[in-house]
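Novice: Line by line, the protein sequences are chains A and B. With UniProt numbering applied, the first sequence covers 1 to 508. With UniProt numbering applied, the second sequence covers 1 to 228.
Possibly wrong hints are sitting among the right ones.
Here are the simulated lysine-lysine pairs, DSBU-like style, with alpha carbons at most 30 Å apart [said to hold, decoys possible]:
| # | chain 1 | residue 1 | chain 2 | residue 2 |
| --- | --- | --- | --- | --- |
| 1 | A | 272 | B | 81 |
| 2 | A | 389 | B | 113 |
| 3 | A | 468 | A | 492 |
| 4 | A | 492 | B | 220 |
| 5 | A | 356 | A | 128 |
| 6 | A | 166 | A | 128 |
| 7 | B | 81 | A | 389 |
| 8 | B | 163 | A | 356 |
| 9 | A | 166 | A | 152 |
| 10 | B | 70 | A | 377 |
| 11 | B | 220 | A | 377 |
| 12 | A | 152 | A | 78 |
| 13 | A | 166 | A | 138 |
| 14 | B | 220 | A | 389 |
| 15 | A | 356 | B | 113 |
| 16 | B | 200 | A | 356 |
| 17 | A | 147 | A | 49 |
| 18 | B | 81 | A | 468 |
Residues of chain A placed beyond 10 Å of chain B at every Cβ, according to the derived structure [said to hold, decoys possible]:
| # | residue |
| --- | --- |
| 19 | 11 |
| 20 | 71 |
| 21 | 77 |
| 22 | 131 |
| 23 | 144 |
| 24 | 152 |
| 25 | 189 |
| 26 | 193 |
| 27 | 293 |
| 28 | 298 |
Here chain A is said to cover these stretches of chain B; the calculated rule only asks that three of the stretch's residues, wherever they fall, bring their Cβ under 8 Å from a Cβ of chain A [said to hold, decoys possible]:
| # | stretch |
| --- | --- |
| 29 | 11-23 |
| 30 | 159-166 |
Bear in mind the hints are in silico, worked out from the structure with no lab data behind them. Just so you know, these numbers come straight off a predicted model, no measurement behind them. Beta carbons: idealized from backbone N, C-alpha and C, even for Gly.
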Amino acid sequence: MKSPFAAWRSSLVFRVTSTIVALSVIIIWLLGSALFNQISSGIFDEKLKLSISDAQSTARNTQLQLTFSQYQDKAALKLILAEILAVPPKSFESAARELAIFSYAKTKSLYKYDGTSNLLEANSVSEKFRILTRASKKTVWDRTNLKYIDGKIEPAIVVGHNLTIKGAGKYEFYVLFSLAQQSRTMALILNYLWLTGIALTLLIGLITFFVFRRLIAPIRDAARVAEELTAGNLELRMDIQGEDEIASLGYSFNEMAVSLQQQISRLENLSKLQQRFVSDVSHELRTPLTTIRMASQVIYASRESFDPTISRSAELLISQIERFESLLTDLLEVSRFDAQAAVLEIEEVDITALVKETIDYLHPSQDRIIQLWAPDKPVMVDVDPRRIKRIVRNLISNAVDHREDKSIDIQIEENENEVSVGVRDYGIGFNYTDKKLLFERFWRADSSRARTTGGTGLGLSIALEDAKLHQGEIDVWGARGLGAHFVLTIPKFAGGSIQSKPISAQPE
Amino acid sequence: MTLIMVVDDDQDLAEMLGIVLNGAGYEVDLVGRGDEVMPIFTAQNPDLILLDVMLPGLSGVEVCKLIREKSMVPIVMLSAKGDKQDVVAGLEAGADDYMVKPFDPSELVARMKVRLRRSTAEVSSDLQIGNIKIDQIEHSIIRDGQIIALTRLEFDLLVALAKEPGRVFSREALLSEVWGYRPATDTRLVNVHIQRLRSKVELDPENPTIILTVRGVGYKAGVPGSSQ
Numbered sequence: 001m002k003s004p005f006a007a008w009r010s011s012l013v014f015r016v017t018s019t020i021v022a023l024s025v026i027i028i029w030l031l032g033s034a035l036f037n038q039i040s041s042g043i044f045d046e047k048l049k050l051s052i053s054d055a056q057s058t059a060r061n062t063q064l065q066l067t068f069s070q071y072q073d074k075a076a077l078k079l080i081l082a083e084i085l086a087v088p089p090k091s092f093e094s095a096a097r098e099l100a101i102f103s104y105a106k107t108k109s110l111y112k113y114d115g116t117s118n119l120l121e122a123n124s125v126s127e128k129f130r131i132l133t134r135a136s137k138k139t140v141w142d143r144t145n146l147k148y149i150d151g152k153i154e155p156a157i158v159v160g161h162n163l164t165i166k167g168a169g170k171y172e173f174y175v176l177f178s179l180a181q182q183s184r185t186m187a188l189i190l191n192y193l194w195l196t197g198i199a200l201t202l203l204i205g206l207i208t209f210f211v212f213r214r215l216i217a218p219i220r221d222a223a224r225v226a227e228e229l230t231a232g233n234l235e236l237r238m239d240i241q242g243e244d245e246i247a248s249l250g251y252s253f254n255e256m257a258v259s260l261q262q263q264i265s266r267l268e269n270l271s272k273l274q275q276r277f278v279s280d281v282s283h284e285l286r287t288p289l290t291t292i293r294m295a296s297q298v299i300y301a302s303r304e305s306f307d308p309t310i311s312r313s314a315e316l317l318i319s320q321i322e323r324f325e326s327l328l329t330d331l332l333e334v335s336r337f338d339a340q341a342a343v344l345e346i347e348e349v350d351i352t353a354l355v356k357e358t359i360d361y362l363h364p365s366q367d368r369i370i371q372l373w374a375p376d377k378p379v380m381v382d383v384d385p386r387r388i389k390r391i392v393r394n395l396i397s398n399a400v401d402h403r404e405d406k407s408i409d410i411q412i413e414e415n416e417n418e419v420s421v422g423v424r425d426y427g428i429g430f431n432y433t434d435k436k437l438l439f440e441r442f443w444r445a446d447s448s449r450a451r452t453t454g455g456t457g458l459g460l461s462i463a464l465e466d467a468k469l470h471q472g473e474i475d476v477w478g479a480r481g482l483g484a485h486f487v488l489t490i491p492k493f494a495g496g497s498i499q500s501k502p503i504s505a506q507p508e
Numbered sequence: 001m002t003l004i005m006v007v008d009d010d011q012d013l014a015e016m017l018g019i020v021l022n023g024a025g026y027e028v029d030l031v032g033r034g035d036e037v038m039p040i041f042t043a044q045n046p047d048l049i050l051l052d053v054m055l056p057g058l059s060g061v062e063v064c065k066l067i068r069e070k071s072m073v074p075i076v077m078l079s080a081k082g083d084k085q086d087v088v089a090g091l092e093a094g095a096d097d098y099m100v101k102p103f104d105p106s107e108l109v110a111r112m113k114v115r116l117r118r119s120t121a122e123v124s125s126d127l128q129i130g131n132i133k134i135d136q137i138e139h140s141i142i143r144d145g146q147i148i149a150l151t152r153l154e155f156d157l158l159v160a161l162a163k164e165p166g167r168v169f170s171r172e173a174l175l176s177e178v179w180g181y182r183p184a185t186d187t188r189l190v191n192v193h194i195q196r197l198r199s200k201v202e203l204d205p206e207n208p209t210i211i212l213t214v215r216g217v218g219y220k221a222g223v224p225g226s227s228q
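Using the sequences and the hints, build the whole thing.
Specialist: Next comes the structure, spelled out in structure tokens:
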């Protein structure tokens with residue numbers, strides 16, 4: 001599972017979907033709250049209008065009832081007031097209405113007619129509102145809460161009037177309208193709004209996700225096909241449906257792939273043809289070269305019976321045929337690398353023994369020129385011995401060619417996974433800028449310089465290819481007049497790769 | 001006189017080979033086509049055959065197989081291609097050795113001499129390798145009373161290993177001892193012939209007891225009497 005941050009970075013679908021969902025949450029929230037406010041104030045205003053007109057008529061009726069009632073004593077008045085306050089308890093929520101009568105005076109209470117309907121607590125009407133009512137000639141209203149003796153509380157509107165009771169003085173008259181019904185309606189509406197909002201957000205998210213994924217599917221397809229093409233699977237094409245812009249992207253993409261494939265196969269054919277030609281030429285040259293070589297040896301064998309110029313010619317003939325032959329062998333090897341037909345034949349060998357053999361082969365008598373520094377115990381490696389010998393041979397021959405009568409040091413070092421063979425000479429060296437050219441075919445350090453040995457100019461290039469076949473590397477250091485240091489590093493085990501190098505090309 | 005049969009379709013090369021071999025003291029018989037080899041071989045019975053791989057009529061590898069059905073005469077293949085498949089095909093068809101063109105004629109002659117050499121120089125009659133008895137006088141190999149047919153090269157290879165039972169031979173050592181090679185040449189030749197030899201003398205070539213592999217070094221002789 002990807003972290004959201006990673007998904008945000010890597011997936012366009014995720015990014016677009018989450019942005020759209022976030023935006024819709026904000027919009028739905030704003031719209032929802034505006035709608036809710038509208039509805040709730042509408043409902044409240046309606047209720048308020050009804051409540052005020054109801055309260056006004058109730059107040060008027062009550063005043064009339066009190067004014068025209070014929071009561072002789074206080075008990076009769078109390079009875080009438082009780083009758084007025086005997087509002088039916090709430091059976092129908094819509095008609096929920098309570099009454100309250102309070103006398104103006106607070107302290108001197110010889111005989112008071114204060115009362116509320118249905119066990120309503122007197123403090124349901126706030127002191128502040130009572131002061132406002134007493135001061136006002138008109139109808140006043142306020143929001144309040146209905147508080148009952150049993151602890152029940154309901155939101156309500158209170159409408160206040162003044163009453164004049166014959167023989168008892170000024171009284172406040174309050175009609176209270178419960179808003180419980182309205183609150184319940186609002187709560188219900190709020191729930192529905194939430195539900196609708198969440199459903200809408202999910203729906204928008206899902207639709208965006210699927211639509212967008214469908215939309216960029218061809219782009220994903222294109223990316224996948226492009227990757228496959230890069231990996232070399234040139235046959236692959238995009239699926240195209242319909243005639244729209246996306247389809248035209250597909251057409252163009254496929255056209256590009258076709259043209260790419262044609263170009264590549266054309267180049268491949270050309271290069272194959274070229275390599276085949278080089279290989280064929282090399283092979284065809286071998287048979288006549290064999291004959292020439294034998295003929296020259298026959299002539300060379302009897303050179304003493306010739307006069308000196310012919311005798312010398314026979315010698316030159318032999319040496320040049322040898323040079324020609326090694327050139328041909330190297331050329332054939334290079335064409336094999338170019339055709340990628342070179343394969344490793346891995347064996348487990350002691351690289352020290354292998355290097356020793358190569359030194360002995362190249363310089364059986366001149367053991368003072370080349371010094372070998374190697375670990376005491378055998379260094380076992382999985383390599384193609386033929387190729388490793390050839391690399392070492394090429395590096396040593398190269399050093400011998402350029403040593404300028406100085407000695408050559410060969411060093412073998414190993415670590416856990418790699419082994420290095422360093423060949424150091426103290427001869428003419430080379431410019432640092434020549435470093436890249438060293439491994440170029442037929443490149444020579446100093447073209448004006450006469451060749452001492454019959455190097456073909458392909459030796460280092462072949463050595464590098466051989467090293468690469470082993471997942472190895474050849475590092476080079478050189479300075480004019482100070483000599484050169486070539487270091488071959490290869491993994492000790494087949495299929496390994498180089499992590500570190502036991503010998504560095506840069507001398508200490 | 002020793003008769004060498006040279007089979008090559010390149011007339012100039014064949015003639016040149018004739019001159020060189022005559023100079024080395026051999027009698028030479030030149031053949032230009034692959035399908036002409038067998039009648040001449042039966043009639044002349046040469047001591048050694050130099051066989052080109054690419055021949056008109058019948059390929060060198062096919063010719064090699066036909067000869068091996070009849071004779072254990074030494075065969076040296078001449079190839080214009082140094083490619084592995086080519087060489088291995090020839091060796092597996094029964095050739096003892098191969099030379100890649102352009103070869104050094106003196107080396108060719110040296111190798112031919114090794115192939116022609118009668119291995120009677122130092123006869124110790126009862127050599128043993130693994131559970132196999134080698135009779136050097138009779139030039140035969142006996143396992144459980146049965147004679148096994150080997151080419152002369154295979155016989156030489158086995159004798160070389162058997163003569164020094166404790167020694168581990170590197171491929172290079174075997175090359176110079178059995179094939180007469182200079183060092184730093186291709187050791188694949190040894191691998192192919194060891195495999196061929198094993199397929200003839202070992203009861204189970206996958207688990208050899210007569211010619212043992214020493215990892216990273218080479219080969220050595222199996223101990224006489226070890227279980228088979």
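Novice: Each hint: holds or not?
Specialist: Quick rundown of the hints versus the structure:
Distance restraint check for residue 272 of chain A and residue 81 of chain B: the Cα-Cα separation of roughly 18 Å lies within the 30 Å cut-off, and the hinted pair is therefore satisfied. Taking the CA atoms of residue 389 of chain A and residue 113 of chain B, the gap is near 28 Å; set against the 30 Å cutoff, the hint holds. Of the supplied pair hints, the one linking residue 468 of chain A and residue 492 of chain A holds, its CA atoms being roughly 14 Å apart against a limit of 30 Å. With a C-alpha separation of about 25 Å, the suggested pairing of residue 492 of chain A with residue 220 of chain B holds against the 30 Å cut-off.
Restraint check for residue 356 of chain A and residue 128 of chain A: not satisfied, since their Cα atoms lie roughly 114 Å apart, outside the 30 Å limit. Only pairs whose Cα atoms come within 30 Å are accepted, and residue 166 of chain A paired with residue 128 of chain A is accepted, the gap being roughly 26 Å. For the proposed pair residue 81 of chain B and residue 389 of chain A, the alpha carbon gap of about 21 Å is at most 30 Å, so the pair holds. Taken as a hint, the residue 163 of chain B and residue 356 of chain A pair is honoured in the structure, with Cα atoms around 27 Å apart against an allowance of 30 Å.
Distance hint between residue 166 of chain A and residue 152 of chain A is unfulfilled; the C-alpha atoms sit about 35 Å from each other, more than 30 Å. For the hint linking residue 70 of chain B to residue 377 of chain A, the alpha-carbon distance of about 50 Å lies beyond 30 Å, and the restraint is violated. Only pairs whose Cα atoms come within 30 Å are accepted, and residue 220 of chain B paired with residue 377 of chain A is accepted, the gap being roughly 22 Å. Taken as a hint, the residue 152 of chain A and residue 78 of chain A pair is honoured in the structure, with Cα atoms around 27 Å apart against an allowance of 30 Å.
For a cut-off of 30 Å, the pair hint linking residue 166 of chain A to residue 138 of chain A stands: about 20 Å separates their Cα positions. The hinted pair formed by residue 220 of chain B and residue 389 of chain A meets the criterion: a straight-line CA distance of about 24 Å does not exceed 30 Å. Taking the CA atoms of residue 356 of chain A and residue 113 of chain B, the gap is about 29 Å. The hint holds against a cut of 30 Å. Taking the CA atoms of residue 200 of chain B and residue 356 of chain A, the gap is near 35 Å; set against the 30 Å cutoff, the hint is violated.
Among the hinted pairs, residue 147 of chain A with residue 49 of chain A is consistent with the structure: their alpha-carbon atoms are about 23 Å apart, no more than 30 Å. At roughly 24 Å between alpha-carbon atoms, residue 81 of chain B and residue 468 of chain A fall within 30 Å of each other, so this suggested pair holds. The claim that residue 11 of chain A is not at the interface with chain B holds, since no C-beta of that chain comes within 10 Å of its own (minimum 51 Å). Annotated as non-interface, residue 71 of chain A keeps its C-beta farther than 10 Å from every C-beta of chain B; the closest such distance is 131 Å.
With a cut of 10 Å on Cβ distances, residue 77 of chain A stays outside the contact zone with chain B, its closest approach being about 128 Å. Every beta carbon of chain B lies more than 10 Å from that of residue 131 of chain A, the smallest distance being close to 112 Å; the non-interface claim holds. Distance check on residue 144 of chain A: its Cβ is at least 102 Å (rounded) from any Cβ of chain B, clearing the 10 Å threshold; non-interface status holds. No Cβ of chain B comes within 10 Å of the Cβ of residue 152 of chain A; the nearest lies about 98 Å off, and the non-interface call holds.
With a least CB separation of 87 Å from chain B, residue 189 of chain A remains clear of the 10 Å interface cut-off, as annotated. At roughly 82 Å, the least C-beta separation between residue 193 of chain A and chain B is larger than 10 Å, which holds for a residue marked as non-interface. The beta carbon of residue 293 of chain A sits about 5 Å from the closest Cβ of chain B, which is not more than 10 Å, so the claim that it is off the interface is violated. For residue 298 of chain A, the non-interface assignment is contradicted: its Cβ lies about 6 Å from the closest Cβ of chain B, within the 10 Å cut-off.
Counting residues of the stretch 11-23 of chain B whose CB lies closer than 8 Å to any CB of chain A gives 7, which reaches the minimum of 3, so the coverage claim holds. For the stretch 159-166 of chain B, the stated coverage by chain A is not satisfied: 0 residues place a CB nearer than 8 Å to a CB of that chain, which falls below the threshold of 3.
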